[in-house]
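There are 2 protein chains.
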Amino acid sequence: MNATLQTRLANLRARMAATATDLVVIGPSSHMLYLADLSPHGDERPVLLMISQSFAGFLMPALNVDSARQHTDLPFFPWADADGPADALEQLIAATGIDRTAPSIVLDETMRADFTLLVLDTLPGASRRFTNDTVGYLRSRKDNAEYDALKKSAVLNDAAMAAGFAALRPGITEREVATAIRDFYKANGATTEFCSVCFGPNGAFPHHHTGETRLAEGDAVLIDTGARIHGYPSDMTRVGFYGTAPEGFGQIHSILDRAVEAAIAAAKPGTRASEVDKAARDVITAAGYGPNFLHRTGHGLGIDIHETPYITATSDTVLEEGMVFSIEPGIYLQGRFGLRLEEIVIIRNGVAEILSDMPRTAVAVG
Amino acid sequence: MNATLQTRLANLRARMAATATDLVVIGPSSHMLYLADLSPHGDERPVLLMISQSFAGFLMPALNVDSARQHTDLPFFPWADADGPADALEQLIAATGIDRTAPSIVLDETMRADFTLLVLDTLPGASRRFTNDTVGYLRSRKDNAEYDALKKSAVLNDAAMAAGFAALRPGITEREVATAIRDFYKANGATTEFCSVCFGPNGAFPHHHTGETRLAEGDAVLIDTGARIHGYPSDMTRVGFYGTAPEGFGQIHSILDRAVEAAIAAAKPGTRASEVDKAARDVITAAGYGPNFLHRTGHGLGIDIHETPYITATSDTVLEEGMVFSIEPGIYLQGRFGLRLEEIVIIRNGVAEILSDMPRTAVAVG
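Those protein sequence lines, which keep their order, are chains A and B.
Using the working numbering, you'd call the opening residue of the first sequence number 1 and step up by one each time.
Using the working numbering, you'd call the opening residue of the second sequence number 1 and step up by one each time.
So that you can see chain A by itself, here it is in the shape it has in the complex (with noise of 0.2 Å):
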């Protein structure tokens, strides 16, 4: 186990003390490669990692213990084919040491319902909950190497951006500007998480597959993308128009531009992230347009594309150093077109930075 891993190993046991955790499970994850840098073979076998105060180990399929070995010194605690997991979970939890009466335990939001259920079976008096306020807290806190990593992968989701408003031209369908950005993408060693391309009315649709419509003059466009490179993820939402902009787009732009502004001010270590909502949802509101704002503010950019913190309008998490977020605000009017801007932000010396360097500017072309 390296430094960094034995580092977040501790870092979680000082947060289980914190918060009365006597163990922490973990399926096939973002989380178990954070915290051990594995990516099992994921399919309906259980794959278990276990953390208690004195204790880590991983219930496994025996057929992938080989070739998990090769990635971490943990012990495992196979199980085999024709016996089942049962007899191997039940050594895994007595070497964790806990006490089996009434464990305060947290589980993997993201885990199978099969897996979720085994782990609860075996441990009937159990309370539990997720891992928001330890495992996802300190993934939410990002090093320096994290920063890194993440403002790499923004600047080149900015070029990647830029080749996409480039492809536009009329008759181009909303899937071929995709495929330029996909394609932009993998010539720069990047893998795409998503892209979606929105024309005109489909704007106005918050997750609208992009499809065959293709563009025509006095369309608003939408770009929403995002790729990952060196592990970590990207995520950019600019807008655009071709040829004349659609009655109203200006002065959609510039309050949204002002959203995220508000939202980047209020954005600071010892903020409510319900605080940062508020401040985006009040600009928009006071122009008019609260009930077109149809979602939160943000989420949470690390290994995940979307993982605490989430910026929403009933969220207590307290900001803090290192924390990186979107700020997405949106207007969507529908059969007419919907805008959104959404920056990527980091808590750091004290104030919001923006990975991003692609102005916001609404893009003309043709």
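To be clear, the hints were calculated from the coordinates, so they are not data collected in a lab.
Backbone N, C-alpha and C fix where the C-beta goes; we use that ideal spot for every residue, glycine too.
It is possible that part of the hints are untrue.
[To be verified] Interface residues of chain A toward chain B, partial, derived using beta-carbon atoms under 10 Å:
hint, residue
1, L120
2, H208
3, L294
4, I305
With chain A fixed as given, assemble chain B onto it according to the hints.
What follows is chain B alone, placed relative to chain A:
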């Protein structure tokens, strides 16, 4: 809802009646795709499909409603980020008409832990099990359209396998061979599901990660590969060697070929899956290699590359017409080589029909 989906829903309700199931709860998964032709944006926002005898509808994040509406006409119970899903879930459960005091519910075993516990905490009196005798059972019995799709996928995979063996030359890496196979899939409109290439002793790890090992004279070669086309996957393993076969290769290959034949002969309507496992295992045990056969004999194949029925020593699933599964005995000799031969079969007209047209003969190269 088209005729296929109407039939599936009616079949599910018949199975629910036969198994005294009040409610089936499905997350974003291949089960949802099978039942509703919907693959929603998958993230931490709860999406659930609930089916009772009298009702079927979705819990859906508000910002996905417009996009999802294009794929299904089942009713939605939308929830906004600012509110959370609790109220909408209550309304959906009320609409299902179930008696909440002690319902018998089926949970999608692949669903996230947070979705699972949201359901269980909302229905604290529920008894629960997974989908194997409801949705899983229905999915295991393929219709003619699914048979045709799986057959086409298997035949394409035969050609991909041939391309992989054709790429072998001294010094080539496992990864380069896998790339040749992946490129073949892509050129033929298929999407790689997985591709495992093992040279020499690497084959003795059933889940070896394809890597930088280079092919040398006297190496055994194992290729286990599959791709998806028109929605259905393939999965096949063949073996060979470069130059001279390693000592014992011919004997092991012959044992495995007889094990496959024995399992195929056993696989008939009315046979238990455990008997098919035993038929293959007995051949290997009789030859003295029982401890070297480290895994179950097979797994179902359909929309998922691993699904019901599982061919294990403990499975009492009774085989029926239309069931599709792998038969893949292996013998793993640490430090020397490992071989596995894998066919996908369908129970059809009373026998197990092999989908591949490729012989299981060892491929001699060089």
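Classify the hint on I305(A) as holds or violated, based on whether any CB of chain B lies nearer than 10 Å to its CB.
With Cβ-Cβ at 8 Å, under 10 Å, it holds.
| task | Have a go at the L120(A) hint: is there a Cβ in chain B nearer than 10 Å to its own Cβ? | result | 9 Å, holds
Supplied contact hint for H208(A), tested at 10 Å Cβ to chain B: Status holds, d = 6 Å.
For the hint on L294(A), just tell me whether its beta-carbon gets within less than 10 Å of chain B.
5 Å, holds
Of the numbered hints listed earlier, not one is contradicted by the structure.
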